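Asker: For reference, the chains in residue letters:
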Amino acid sequence: MDFIKRFKLDSLLLPLIGIACFLILWQVIAGKTVTTRVADEFGDMMTKNVRTGISPDLPTPATAWKASKSYIVQPFAKRGELDRGILAFTALSLGLVTQGYIIALVIGTPLGFFLGLSKTFTKAADPIIQVLRPVSPLAWFPLGLVLFSSVKLVDAQQKTWFGASDAAALFTIAICAMWPTVMNTAVGVRAIPQDYLNVARVLKLSRTKTLFKVLIPATLPYMFTGFRLSLGIAWLVIVAVEMLTGRPGIGGFLWQEYNAGSYSRIILCILIIGVIGLVLDRAMSFIEARFKSI
Amino acid sequence: MAFLSVHQVSKGYGPRWNRSEVLADINLEIEEGEFVAIIGYSGTGKTTLMSLLAGLIEPDTGEVRLAGQKMEGPGPDRGIVFQNYSLLPWLSVYENIALAVDQVFPDWTKEKRRAHIEKFIATVNLTSARNKLPSELSGGMRQRVSVARTLAINPKILLLDEPLSALDALTRANLQDEISRLWQEDKKTVVLITNDPDEAILLADRVIPLTPGPRATLLASIPVTLPRSENRKAALETIEGKRLRNEIIERLQAAKKNTGSAIVRKLVLPDIEPEDITKGRHSLLFSARRKPVRKSEIQPISVEVES
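Taken in sequence, the protein lines are chains A and B. Heads up, the first sequence is in this note's numbering, so the first residue is 1 and it goes up one at a time. Heads up, the second sequence is in this note's numbering, so the first residue is 1 and it goes up one at a time.
Any given hint might turn out to be false.
Lysine to any residue pairs mimicking SDA-like chemistry, simulated, CA-CA at most 20 Å apart [what the hints assert, rightly or not]:
# : chain 1 : residue 1 : chain 2 : residue 2
1 : A       : 209       : B       : 113
2 : A       : 204       : B       : 156
3 : A       : 209       : B       : 106
4 : A       : 204       : B       : 74
5 : A       : 204       : B       : 132
6 : A       : 204       : B       : 106
7 : B       : 156       : A       : 198
8 : B       : 132       : A       : 217
9 : A       : 209       : B       : 76
Take a look, some chain B residues computed to stay more than 10 Å from chain A by CB distance [claimed, not checked]:
#  : residue
10 : 103
11 : 177
12 : 187
13 : 188
14 : 205
15 : 226
16 : 233
No lab work stands behind these hints: they were computed from the structure. Because the structure is a prediction, the values reported are computed rather than measured. Even for Gly, the Cβ is constructed at its ideal location relative to N, Cα and C.
Turn these sequences into a full structure, and let the hints steer you where they fit.
Answerer: What follows is the structure, given as structure tokens:
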């Protein structure tokens, strides 16, 4: 009984209080609609709605819910290319993120290994990496378009299914998401205890065997920290990329709804992006913890 | 020609202008089947010596020969048991040993290798823990896995680098017995490095003291005259055992006195000449008053401190 009490207080009540405070703050900032009835010059009573508040354009929680409801209750509906249920958009975005993320890992992991193993290579590559690492996805995207301007894959109906903007999107995700994997793998390789390497040397393990039997297993925990951080960045980048390309997805939808003036759904998008990011991070942490426990 | 011979080996670290010579003039001859213990203070280059014997590092001068062949690089013919076990933490007991056995005996059949691995797990009494990871084992068990891994590759010479120093006293005593038993079973050539005189006397045929560094070197060896009976531990408490222990300790202490290293420290002493109060405090002539002077901000003075 005591346990249930404490459990409820700590992990249910406190978050609920936090959410309530957040909603109140939102409500306060959004302000309220004041309806006044005034008599016009003909003597008729007219209702006049005036929004007052700190940010009168921000929808209140209630309006946001009303406007977003149909996207949530029918999460997989497809009413049009840019009008779908929220999870349908999410799925599109996740698909693109997965592709870019895989490219990032495939390039980033070996690069990290080379950096960790070779001091010469580190010295040569480090300045470039340090300069490229903080560059924003918004800056990479145009370069991607230039790089892949000739990319055009068409299907049987002569419809482009993979064009320059798709290639640029993948390029942007991959190059932005790659760095945590690169850095963590390099650090992990450098942190391998000399003892493990001595074992490999005494047994005269071949280079390949040393890599697969000693180096990679010893680096895995670091690599997975990198993978987790990379996934977080990939998910951050997707929104920017979709805004620039206007391709269907959660970020594209957000941008479209802003242009359409339906601000309520922007909030929906932000919340969903946050929730998905959290889920991805937790899932990766779970996998990471399993490797760390060794 | 001795089985393992070390001739005029020296080793130092660091650049030329700031070099610390760890080992100098190391000469060592070990016959086949001999159990030799090298004993010295901590931090005197014992592990450096062991790495040289294992071929993990190259000597600056001199050479190490095993069975007449000049040693180049590490190899499985010199099995080394490290102080910190050096087990791969992601592999189970069986897999750790299998990694070594598969590498050293690639032309054996799978069944033969498996039987070989199981045999050595049984030798160190770990059959019940064969599928456990190193993190699930106690320190003593880990060291036994490490010993089994080294024995399983059937090295020509066994190098034990303070294998028991990280263990508690009870486990250490047990493992000392176990090492003694294993050695008597197949009389391998063993070099044990330790900082415990009792352990050295208990296990070895002769004990060689290593002087404290820098420029550590080996002293003349002390043969252990105790009978290698079932219970050498009891012999430790006889007059002969006590004499041996005293001799080892005295030699090490004498060597430490001789080296008496001088540490040069830079002491910064306050360098202020006090105000001259005879001039009178209330003199109107400021220039006439001598203020406290500081001749120089920092003047390093080297003071030799005997340690």
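Asker: Is the claim that residue 103 (chain B) lies outside the interface with chain A correct, judged by CB distances over 10 Å?
Answerer: The claim breaks: residue 103 (chain B) does not keep its Cβ more than 10 Å from every Cβ of chain A (closest is about 5 Å).
Asker: Between residue 132 (chain B) and residue 217 (chain A), does the CA-CA distance stay at or below 20 Å?
Answerer: Since the Cα atoms of residue 132 (chain B) and residue 217 (chain A) sit roughly 17 Å apart, the hinted pair holds (cutoff 20 Å).
Asker: Given the hinted pair residue 209 (chain A) and residue 76 (chain B), is their alpha-carbon gap at most 20 Å?
Answerer: holds, 16 Å
Asker: Residue 187 (chain B) clear of chain A by more than 10 Å, beta carbon to beta carbon?
Answerer: Nearest chain A Cβ is 22 Å from residue 187 (chain B), so the label holds.
Asker: So if I understand the rule, the pair passes when the alpha-carbon distance is 20 Å or less; does residue 204 (chain A) with residue 132 (chain B) pass?
Answerer: violated, 25 Å
Asker: Hint check: residue 204 (chain A) vs residue 74 (chain B), CA-CA at most 20 Å. Holds or violated?
Answerer: Holds, at about 7 Å.
Asker: Has the given pair, residue 156 (chain B) with residue 198 (chain A), been kept, meaning a C-alpha gap of at most 20 Å?
Answerer: Given pair residue 156 (chain B), residue 198 (chain A) holds - Cα atoms ~18 Å apart, limit 20 Å.
Asker: Does the claim that residue 233 (chain B) lies outside the interface with chain A hold up, using a Cβ gap greater than 10 Å?
Answerer: holds, 31 Å
Asker: Taking only the CA atoms, is the gap from residue 209 (chain A) to residue 106 (chain B) under or equal to 20 Å?
Answerer: Judged against 20 Å, a Cα distance of about 13 Å means the pair holds.
Asker: Going straight from one Cα to the other, do residue 204 (chain A) and residue 106 (chain B) come out at no more than 20 Å?
Answerer: holds, 12 Å
Asker: If we take the beta carbon of residue 188 (chain B), is the closest beta carbon in chain A still more than 10 Å away?
Answerer: holds, 16 Å
Asker: Since residue 177 (chain B) was said not to touch the interface, does its Cβ keep a gap of more than 10 Å from each Cβ of chain A?
Answerer: Consistent with the label, residue 177 (chain B) stays out of reach of chain A, its closest Cβ about 26 Å off (over 10 Å).
Hints 5, 10, counting from the list given before, are not met by this structure.
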